[in-house]
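Novice: Sequence:
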Amino acid sequence: MSRTQLEMLADLAREARDQAGIALAQERQGEQQTTAQLNSLKRYRAEYAARLQQAMREGIDPATMYNYQQFLGSLDAALDRARHTLAAQQKRVEKRQQHWQQEQRKLSSYDTLTSRRLVEEHRRLERYEQKTNDDLVTSRLARQRNETPQ
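Under this note's numbering, think of the first position of the sequence shown as 15, with each following residue one higher.
Treat the hints with care, since some could be wrong.
List time: in silico BS3-like cross-link candidates among lysine-lysine, alpha-carbon distance up to 27 Å [to be verified]:
no.	residue 1	residue 2
1	Lys120	Lys105
2	Lys105	Lys56
3	Lys109	Lys120
These are computed hints drawn from the structure, not numbers from a lab.
Construct the complete structure from the given sequences, taking the supplied hints into account.
Specialist: Shown next as structure tokens:
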């Protein structure tokens, strides 16, 4: 595989890793929003339950109490749905995290191959320069021996 092909593969892997990172960030943002919604629901339910307790202390008619209980039941159902949604969102975040890590490992592999190629190329160039220098010195010594009177 040529160096340019390897560089092209590394560039493609980098782009795939970056796209996976963007998708991961979006899923994390969705997780934060879902968590915020769940927390809001929890606070609202706690406030509404406190209102029911206060109304019960002050005296409440059965129809109003029934309405409070029905609404709290609706809030509990909404909380269950929000917890389920959050769990699903967390699974999506985990999946995106694994995908990003996979793309990062692929990119690291290409970067490692590229580095090895560069080191190999550098060594080959050093050997060539050393051989060229050795040949020049050998030629010069041979000429000097031929030029010196015997």
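Novice: Confirm or reject each hint.
Specialist: Results for each hint:
no., hint, verdict
1, Lys120 to Lys105, "holds (23 Å)"
2, Lys105 to Lys56, "holds (22 Å)"
3, Lys109 to Lys120, "holds (17 Å)"
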